[in-house]
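Once you have looked at the hints, place chain F on chain L.
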Amino acid sequence: MAGMKTASGDYIDSSWELRVFVGEEDPEAESVTLRVTGESHIGGVLLKIVEQINRKQDWSDHAIWWEQKRQWLLQTHWTLDKYGILADARLFFGPQHRPVILRLPNRRALRLRASFSQPLFQAVAAICRLLSIRHPEELSLLRAPEKKEKKKKEKEPEEELYDLSKVVLAGGVAPAVFRGMPAHFSDSAQTEACYHMLSRPQPPPDPLLLQRLPRPSSLSDKTQLHSRWLDSSRCLMQQGIKAGDVLWLRFKYYSFFDLDPKSKTPKKKKKKKNPVRLTQLYEQARWDLLLEEIDCTEEEMMVFAALQYHINKLSQSGEVGEPAGTDPGLDDLDAALSNLEVKLEGSAPTDVLDSLTTIPELKDYLRIFRPRKLTLKGYRQHWVVFKETTLSYYKSQDEAPGDPIQQLNLKGCEVVPDVNVSGQKFCIKLLVPSPEGMSEIYLRCQDEQQYARWMAGCRLASKGRTMADSSYASEVQAILAFLSLQRTGGGGPGNHPQGPDASAEGLNPYGLVAPRFQRKFKAKQLTPRILEAHQNVAQLSLAEAQLRFIQAWQSLPDFGISYVMVRFKGSRKDEILGIANNRLIRIDLAVGDVVKTWRFSNMRQWNVNWDIRQVAIEFDEHINVAFSCVSASCRIVHEYIGGYIFLSTRERARGEELDEDLFLQLTGGHEAF
Amino acid sequence: MEQLSDEEIDHGAEEDSDKEDQDLDKMFGAWLGELDKLTQSLDSDKPMEPVKRSPLRQETNMANFSYRFSIYNLNEALNQGETVDLDALMADLCSIEQELSSIGSGNSKRQITETKATQKLPVSRHTSKPGTLKGLSSSSNRIAKPSHASYSLDDVTAQLEQASLSMDEAAQQSVLEDTKPLVTNQHRRTASAGTVSDAEVRSISNSSRSSITSAASSMDSLDIDKVTRPQELDLTHQGQPIPEHAISLRCSSKQAKHHIDFTEEQAELTPHSYLDRETSLLLRNIAGKPSHLLTKEEQAAKLKAEKIRVALEKIKEAQVKKLVIRVHMSDDSSKTMMVDERQTVRQVLDNLMDKSHCGYSLDWSLVETVSELQMERIFEDHENLVENLLNWTRDSQNKLIFMERIEKYALFKNPQNYLLGKKETAEMADRNKEVLLEECFCGSSVTVPEIEGVLWLKDDGKKSWKKRYFLLRASGIYYVPKGKAKVSRDLVCFLQLDHVNVYYGQDYRNKYKAPTDYCLVLKHPQIQKKSQYIKYLCCDDVRTLHQWVNGIRIAKYGKQLYMNYQEALKRTESTCDWTSLSSSSIKSGSSSSSIPESQSNHSNQSDSGVSDTQPAGFSEAQLEESSKVTTSF
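Line order of the protein sequences matches chains L and F. For what it's worth, our numbering labels the leading residue of the first sequence as 1, then goes sequentially. For what it's worth, our numbering labels the leading residue of the second sequence as 1, then goes sequentially.
In isolation and in its complexed conformation, chain L is listed as follows (with noise of 0.2 Å):
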């Protein structure tokens, strides 16, 4: 034992005084002084700190943090010898544990415990498995953006700080499922609300926000984010993080396991239950859409902006479930089977078989436009018949019985509304394939009920089935509440910018488009086209619309390439290389124009040399490629490339176990091996 004194008081065998601080970095924490021997083990010396200071707390989380070194004393059987620890070491006696800020792809903040001590890969694995995310090697944390000096003072909105730090799971076991939501949520109100922002998408955004955030200008800009992934192989402490830094929670890597729900079974039941997973990779490529991070076409937004309300409806509604999903298709089918073999055995009532043969039909005075070339003309007033999935229309009822002016089938056609309630215009737009070409014919309805009952008919005729369809009468449902909620959206629905939750109501488009679309259309302009896409994604249930989304997004030519700005050996400019799961490409910084692309399946080998900032790859026949890293540090990149082949090399059957020592083997060596 350590301090063993002569009677006069001197030391008769090696041992020094140690001095250790209590608690986190604070130069004036305080300090407890131990006699220790260079042999003294780690888990000994622990010990005697917990004596000395003796007080009555859980010490379990505490271990000993070498500041000049940067490194935890974390195996307690290892001597002060073996980690060279002198009399001069500044140590602090603190928890490993420590709160930090969690900015959430969903744009919320969240406080919570997260390790300081073990290597981040194990501690994004923790706070994922916290947050019942699954796949956790897909995410990463980077340190928040410095905020800007601003001139004016500019009073920041009061936001919700979602609260996890108390919550503790229990190591090794996968957490329970209680009242739909994972056992550790249902504690308290307060977590079960955290659960419900975690496992929501969120309202949109307000539009004038949306136009304040920074968006990135050019392709350098979008470097920017990238050199703030902090590093997987070193903890939060040895990367200068604090206790209460903000710090965000991203997915890094763009190649998402597992993601359709619908691929695998028997996994459904539990993520259903579990749909933190798939809310936050949405909401991730909600705002990575909206801030322009990534660019996409006209077209292309009006479908993201259509799904985002669809989604928010479904959201608001709190309709999570899935809907029934049986094909009315099939049901029609099978009962008309059965009533015939009902029929053939002589005994069936013949009204079930009337009723069942009877095409319901839709017969109206309607104004009818079709658009030519050279014509003045414009709506005109016909009777028009409505029958199985052909519509024929007639000068007047009376003429009904002869041949109509024209007769057209509407399966296959295109259907789009032309609506605007506050201008009581309720068109219905057709677009007709027959062998001599498209034709085109715009019905005008005269109020909400009858386009409702038409537009239905319509919808139901261009997929091929009719009204005597079982989907007819929710369809004439799901059309006016539609109608209805343009209504309560306030007469020119978007005019004026209204705050997050008032858009719930109606449809404010400027809040669902990137700010580059509001400044080139009008709100008016906007709306009936996200209405006109919305169409086609209606009857998605609120999971697979936010998989559409995804998948929409994943489909975009930019999608999922991570910009660092680098120096090609022996090119004299900065250059643009973007990561992908499945490439790199060589970018021109100015233009944007892709001049080379490189994919990891002809990957040889790739070498950092840490001292020269420098990385080199080699691929197949003998092709190398060296640059040196300028916007980011050559780590991230080699994270990057060692992550993306880590990532490759997951397999379903392997489950959602994680072989951590190949991803730091790829990833890691910074410290050589």
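Just so you know, these hints were derived from the structure itself, not from any lab. Careful, some of the hints might be misleading.
What the hints assert, rightly or not - Cross-link-like lysine-lysine pairs, in silico, DSBU-like; alpha carbons within 35 Å at most:
#, chain 1, residue 1, chain 2, residue 2
1, L, Lys524, L, Lys463
2, F, Lys482, L, Lys573
3, L, Lys463, L, Lys425
4, F, Lys422, L, Lys429
5, L, Lys313, F, Lys556
6, F, Lys399, F, Lys296
7, L, Lys596, L, Lys377
8, F, Lys462, L, Lys377
9, F, Lys513, F, Lys463
10, L, Lys524, F, Lys422
11, F, Lys486, F, Lys513
12, F, Lys556, L, Lys522
13, L, Lys520, L, Lys596
14, L, Lys429, F, Lys463
15, L, Lys522, F, Lys513
16, F, Lys535, F, Lys413
17, F, Lys535, F, Lys466
18, F, Lys422, F, Lys304
19, F, Lys399, L, Lys387
20, L, Lys596, F, Lys399
21, F, Lys466, L, Lys377
This is chain F only, laid out in the frame that chain L set:
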């Protein structure tokens, strides 16, 4: 001996089909009349039009329960006096008729023809007329392979097999056949002998029911084993353990044939695992007691019970729209067949491959040519054939061609030429191809290849073409407006792909003064005539053309396309010999390690190799590790 018997059989069949040709019109009419009667008896209050073809759907909307059925291009073909594959058509008609025969009263007309056909066979087998292999084989439109000489016997047997199976069963049968290509030898032998005698016994016992079972069994044997059959017959001569067969082949008395039939049916009882349940159930019922051994009461009771059940089946069946179609072969012959509205292109292709004995290949395609617009399109395997054909107009000159087209799946054979957006064709290792395909099609969303470049666009209504810079995205085809940069936000949408199909234009250099012959057309499938809604694009070279067409297919069909390919591959592989399977490129080469090593070094050397800085063991260990973990990167 083998050769001899072949020719004899052939000759007999020839005569037979000649006669059939002569009174085909009469028979055809009679059949249709009977069909009419039958359906009317089923549903007396609905009128029925037996032969009907209407260009627009609303006209074909007949009563729910009436038998729907229509003919394409057949009358026209008859008028032109072309060689129609009447045999095949007859087979199809027989199948319908057979379905209905169990409901209505016995159909004497058909039985006469069948007897005629079958009675000839055993006779001709024993009269030796060498060297008459000609005639029908030229009109039968099989792609003749050296080892697969086309026997017209097949036509006759095809009739029998078709006659005894409903269309649906036939479709199922052919699927099952693919998965179980090997039937036991014993089984085959009995079956092939059985076809002859089976029809015979039917004509005697007047029980159409029994024919279903045994003729069904004859189907696979004759289709698969037409080459080996003679040997097998030979073998039975040489004292195989079934003495009845030997007898039957030597003497031609009716008694002996009865005998064969009996043994044949016995043999059929057990091994019907490849038949669908309905059929095998039926089989068991009747086979338990061979029909000619049943008492009259038993027979009647059984028939009555069966009738009710079968009638229900048939009515379900009758709701399915059927189409008689004429498929042109690449050798200018044509084949007439019947498809029902549920069949996908894949199923029809399988049928055609079975029927024409052309060998299995991925490249067999059904091509639609729209002659008025001079364009063509390869139907995708998952598409519904009838749905597509109903878009044709009544007087359409459009054709459906069954031919091998390498373009169909070239995308998957050499994905590097289509998916990487490169300008030049390149070779790629099989392993990398697989990786590429997996990357493109197996993720949570399909990656549409980045295809862009200058194409010529035809002006509406004029024969002039303008250059435009086009881009393909998942959401459609876009172009860069004049004076704008190539950024997403400024792109103008040219077309969205939901409602259009992509066609190859033919000889537009003459028709529309196109700058090159490499044209692609985008139009709604229902449009059949010149229209402003058809968009014509022209590429500078054939490579660009194929890249665009395949890119559009990927954007339009996505994962489905890859599934089609895998399905087709499965088909071909299951019919291939296992030896050729093992050498097929797709299966090979996934085992080698593929992870590039990560290296980091602290030394000042920058471009160091693996062995310089790290112990060699490290990289090896890692390789091992990674190959354990991955098969797919």
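Hints versus structure:
1. L:Lys524 x L:Lys463: Holds, at about 29 Å.
2. F:Lys482 x L:Lys573: This hinted pair holds, its Cα atoms lying about 30 Å apart.
3. L:Lys463 x L:Lys425: Judged against 35 Å, a Cα distance of about 25 Å means the pair holds.
4. F:Lys422 x L:Lys429: violated (41 Å)
5. L:Lys313 x F:Lys556: Holds, because 29 Å separates the two Cα atoms, which is no more than 35 Å.
6. F:Lys399 x F:Lys296: Roughly 51 Å between the alpha carbons, so the hint for Lys399 (chain F) and Lys296 (chain F) is violated.
7. L:Lys596 x L:Lys377: Roughly 56 Å separates the two Cα atoms, so the pair is violated.
8. F:Lys462 x L:Lys377: Distance ~27 Å between Lys462 (chain F) and Lys377 (chain L) Cα, so the pair holds.
9. F:Lys513 x F:Lys463: holds (6 Å)
10. L:Lys524 x F:Lys422: Given that 35 Å is the threshold and the Cα spacing comes to 43 Å, the pair is violated.
11. F:Lys486 x F:Lys513: holds (29 Å)
12. F:Lys556 x L:Lys522: holds (32 Å)
13. L:Lys520 x L:Lys596: holds (33 Å)
14. L:Lys429 x F:Lys463: Holds. Lys429 (chain L) to Lys463 (chain F) sits at ~31 Å (cutoff 35 Å).
15. L:Lys522 x F:Lys513: It is violated: about 43 Å lies between the C-alpha atoms, which goes past 35 Å.
16. F:Lys535 x F:Lys413: holds (29 Å)
17. F:Lys535 x F:Lys466: holds (12 Å)
18. F:Lys422 x F:Lys304: violated (68 Å)
19. F:Lys399 x L:Lys387: Answer holds: Lys399 (chain F) to Lys387 (chain L) is near 32 Å, not above 35 Å.
20. L:Lys596 x F:Lys399: With Cα atoms ~45 Å apart, Lys596 (chain L) and Lys399 (chain F) exceed 35 Å; violated.
21. F:Lys466 x L:Lys377: holds (33 Å)
The structure fails hints 4, 6, 7, 10, 15, 18 and 20 (numbered hints given earlier, in ascending order).
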